[in-house]
Amino acid sequence: MLELKNIRKYYNPGTLNEMCLFEDFNLTADKGDFISVVGSNGSGKTSMLNILCGSISVEKGQILMDGEDISGMKEYKRNRRIGRVYQNPAMGTCPSMTILENMSLADNKGGTYGLGKGVNKARKAHYQKLLGSLNLGLENKMDVKVGSLSGGQRQAMALLMSTLTPIDYLILDEHTAALDPKTAELIMELTDRIVKEKNLTTIMVTHNLRYAVEYGSRLLMMHQGQIVLDIAGEEKQKMKVDDILGKFNEISIECGN
Amino acid sequence: MKKKVLAVVLAAVMAMGLAACGSREDAKESKTGDEKTYTVGISQFAEHGSLDNCREGFIEGLKESGFEEGKNLKVEVKNAAADQGTAKQISDAFVSDKADLICGIATPSAQAAYNSAMNTDIPVIFTAVTDPKAAKLANEDGTPAGEVTGTSDELPIKKQLEMIHKVLPDAKKVGILYTTSEVNSVSAIKTYEKLAGDYGITIVTKGVSQTADISLAADEILSEVDCLTNLTDNTVVNSLATILDKANEKKIPVFASEVEQVKLGCVAAEGIDYIALGKQTGKMAAEVLKGEKKASEMKYETISEPGLYVNTKAAKDLGITLDEEFVKSAVESFDSISK
Amino acid sequence: MAIFVTTLEQGLIYGILALGVYITYKILDFPDLTVDGSFPLGAAITATMIANGVNPYLTIPASFLAGAAAGVCTGLIHVKCKVRDLLSGIIMMTALWTINLRLAGTANVPIFGDESIFDNSWMNKVFGGGLASYKVLVVVLVIAVISKVLLDLYLKTKSGLLLRAVGDNANLVTSLAKDQGNVKILGLSIANGLVALAGSIFCQEQRVFEISSGTGAIVIGLASVIIGTSLFKNVRLVNTTTAVLIGSVIYKACVAAALKFFEPQDMKLITAVLFLIILIIGMDRKKKVKKNA
Chain S
1 MLELKNIRKY YNPGTLNEMC LFEDFNLTAD KGDFISVVGS NGSGKTSMLN ILCGSISVEK
61 GQILMDGEDI SGMKEYKRNR RIGRVYQNPA MGTCPSMTIL ENMSLADNKG GTYGLGKGVN
121 KARKAHYQKL LGSLNLGLEN KMDVKVGSLS GGQRQAMALL MSTLTPIDYL ILDEHTAALD
181 PKTAELIMEL TDRIVKEKNL TTIMVTHNLR YAVEYGSRLL MMHQGQIVLD IAGEEKQKMK
241 VDDILGKFNE ISIECGN
Chain L
1 MKKKVLAVVL AAVMAMGLAA CGSREDAKES KTGDEKTYTV GISQFAEHGS LDNCREGFIE
61 GLKESGFEEG KNLKVEVKNA AADQGTAKQI SDAFVSDKAD LICGIATPSA QAAYNSAMNT
121 DIPVIFTAVT DPKAAKLANE DGTPAGEVTG TSDELPIKKQ LEMIHKVLPD AKKVGILYTT
181 SEVNSVSAIK TYEKLAGDYG ITIVTKGVSQ TADISLAADE ILSEVDCLTN LTDNTVVNSL
241 ATILDKANEK KIPVFASEVE QVKLGCVAAE GIDYIALGKQ TGKMAAEVLK GEKKASEMKY
301 ETISEPGLYV NTKAAKDLGI TLDEEFVKSA VESFDSISK
Chain E
1 MAIFVTTLEQ GLIYGILALG VYITYKILDF PDLTVDGSFP LGAAITATMI ANGVNPYLTI
61 PASFLAGAAA GVCTGLIHVK CKVRDLLSGI IMMTALWTIN LRLAGTANVP IFGDESIFDN
121 SWMNKVFGGG LASYKVLVVV LVIAVISKVL LDLYLKTKSG LLLRAVGDNA NLVTSLAKDQ
181 GNVKILGLSI ANGLVALAGS IFCQEQRVFE ISSGTGAIVI GLASVIIGTS LFKNVRLVNT
241 TTAVLIGSVI YKACVAAALK FFEPQDMKLI TAVLFLIILI IGMDRKKKVK KNA
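Protein chains in written order, with this note's numbering: chain S, 1 to 257; chain L, 1 to 339; chain E, 1 to 293.
Warning: the hint list may mix true and false statements.
Claimed, not checked - Simulated crosslink set (DSS-like; lysine-lysine; CA at most 30 angstroms straight-line): (1) L:Lys250 - L:Lys299; (2) L:Lys133 - L:Lys98; (3) E:Lys233 - S:Lys121; (4) E:Lys135 - E:Lys80; (5) S:Lys145 - E:Lys26; (6) E:Lys233 - S:Lys74; (7) L:Lys246 - L:Lys283; (8) E:Lys80 - S:Lys77; (9) S:Lys129 - E:Lys156; (10) S:Lys117 - E:Lys135; (11) E:Lys80 - S:Lys109; (12) E:Lys156 - S:Lys121; (13) S:Lys141 - E:Lys156.
Unchecked claim - These stretches of chain S come out as covered by chain E in the derived footprint (C-beta under 8 angstroms, 3 or more residues): (14) 67-78; (15) 84-97; (16) 117-123; (17) 127-138.
To be verified - The following residues of chain L were derived to be distant from chain E, with all beta-carbon distances above 12 angstroms: (18) Thr39; (19) Lys74; (20) Ala80; (21) Ile157; (22) Lys159; (23) Val167; (24) Asn238; (25) Val327.
None of these hints come from the bench; they were simulated from the model. All values reported here derive from a predicted model rather than from experimental measurement. Cβ atoms here follow ideal geometry from the backbone N, Cα and C, with glycine treated the same way.
Please work from the sequences and hints to get the whole structure.
Below you can see the structure in the form of structure tokens.
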């Protein structure tokens, strides 16, 4: 369970450019939730993820992980139980290292990274099986540097890598936004499969309303640092893209856009 | 492709430019008679006025003793551009070319030459090494540490203090600027401090670590002293113009350690003429080449005749009246300040 | 012949330094100027130990550790005090100037008469007669190869992979639940350890510690790394660390050639031109690879 309680976040506090993003933000993600988050630019979606993961600090409020206050915990420590995939495929892999090395690196997450062999040959077949399931032909390119792969291939690897070791939470930050429609589709299907297989509590920020409707068990719409729509269960099932689009326009008109 | 062409063109242009301005004089071996031609390798540590003078003097000294370039002498001059590793490469090359003698100018080059020639029978002659004992080129008793000897450019500090006392009898505080990383300066200051008491003088020192610090250090030291005296400290000497500007503004006289500094506007120096020092070294080298003495049998020498240099213009500008006798006793006196 | 031996000797000694620079510059993507201070640091410790009669072989681990400590300091300044990478190195380099001067006592400490890793009764027994002139080269070669192999092995460990990852994509290291700051500090310490080790060997080859020996060390290191990696980029048989060692020998060979054929004053210009040419050729290759892909 992930909780954000009474979060207050200002950007550039104390300066002329001071901007309030969250005044009193609350969110609870229950175990097993797959939450899709939509919202206009600047509505605070990515900031919310950054606050959860510890990439940015808050002025006030608590962040709880399974009831434990992790507000003061460093980002890298939180990542022990969190996997994160970014919009930019380059963020989740090491371009100058081979596929095998990247997979091995990810496979050691949670370990001490000592002087043991970096690449465990015995695990190679396992990595190849996982990569094979992507149908991208990566299993035959184990010694190819990741930097020479396409964005879609890299994003697929980033997703695999971030979920290779047992984690509890998956944070997806517009992870299909930089991909072509076909690859995006493939990555989305893969995401859904992994989330279900590993029973991960997932928060996915997306601009693709169709994905938000089709995938996930709960849907949030954010606007100006507030949750303006939060539906789950049957209500979510019934939701259509047009419904959300309507809601979206409603907000925008309020804003005077 | 374009870039590759550019690279080649660039290389060609640079190479041509270098060849043009390089105009290297290959020491030619003459074939007059059956007389043996001696090869002497000169390894100079850096491009520097005093060191250049040393080199010129050295070659002249050899000539005066009968070793003339183009006749019976081949001189190869290499400069390490102040890099210790390069100094070693230079002296190693001399050793592999089987030079008859290696001359190391300035401490690092002298040490490198000694190191390279250690297991050979090639003698090493050094010059412009202030403290050959500390540099381990000589034993504590002044005898050579091996086939190595030469001349030290140790300052005639006692004479300098005497001279300062004569010119400025009321001077109580004498300032010295130095670089903390120059061994020569540190050891000279020790001597100054030891001897200064005899003349009722206290030494005030300010250490800098780089050229950029000189300006500030000069301002500071000038506010405390009656006059300044220079060492042969490279960093300080290179910034002498700055120091003189500031000192003249405050009407504080600056004493020098060698003739070049006096030309630039220091009042006077009881100092070393590096050309003379080089000549003296050249003569020592000649003795070794002739086989009259082995380097290991010769103690290193200091300048045999330190000379007084005076700049009457600089003194006049500062309102100092110099005793006529005093000016007459100078080896050379200047009545202008060269810029 | 002797000139080749010297070039190889010095090339390999600076090659060890270049291995350190390779870690910071290529792997960590950290322009580390500490090198100008940690190189003479190794030399200062070595000269002091040898002058005090310590077994010369102990200078090797001692200088490596001292360099590593200097690297840790640079890392702490950068990571904990959040000072920019270039500035952290400059701060540490500046501090080391004094530390080196204090350690050695003076700016120039000759160790002509003392035993060194090259010159002791055991070595002289092994390398008797005609082999004596290759003594230094053999020892330097052995140390350089050992350093290279150990570094290669290390870079294949889990810790080594993480080190490569932090320069490549620091964000990934955080994702892997590791503190990227600590990884950087580790990398800096290994790098400066190697640099100080090179300084120790350099001091024993030169038989003198000279405070100014570090000036420009980073330039030599960078030049070696860039020459080596650009020239051997597409040569499969030569791995990067070997390329770096060869790069350093090439650099020293250029200095030797410049000494032989040009005026010494022109040396730096020649080096700069050579540098530029190698870089341009290296860039060409990169483009071609992209076109083919």
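Here is what the structure says about each hint:
no. : hint                : result
1   : L:Lys250 - L:Lys299 : violated, 45 angstroms
2   : L:Lys133 - L:Lys98  : holds, 27 angstroms
3   : E:Lys233 - S:Lys121 : holds, 26 angstroms
4   : E:Lys135 - E:Lys80  : violated, 45 angstroms
5   : S:Lys145 - E:Lys26  : holds, 16 angstroms
6   : E:Lys233 - S:Lys74  : violated, 39 angstroms
7   : L:Lys246 - L:Lys283 : violated, 41 angstroms
8   : E:Lys80 - S:Lys77   : holds, 17 angstroms
9   : S:Lys129 - E:Lys156 : holds, 23 angstroms
10  : S:Lys117 - E:Lys135 : violated, 35 angstroms
11  : E:Lys80 - S:Lys109  : holds, 24 angstroms
12  : E:Lys156 - S:Lys121 : holds, 12 angstroms
13  : S:Lys141 - E:Lys156 : holds, 19 angstroms
14  : 67-78               : holds (count 4)
15  : 84-97               : holds (count 10)
16  : 117-123             : holds (count 3)
17  : 127-138             : violated (count 0)
18  : Thr39               : holds, 15 angstroms
19  : Lys74               : holds, 16 angstroms
20  : Ala80               : violated, 7 angstroms
21  : Ile157              : holds, 19 angstroms
22  : Lys159              : holds, 26 angstroms
23  : Val167              : holds, 32 angstroms
24  : Asn238              : holds, 15 angstroms
25  : Val327              : holds, 38 angstroms
Hint compliance for this structure: hints 1, 4, 6, 7, 10, 17, 20 are broken, all remaining hints hold.
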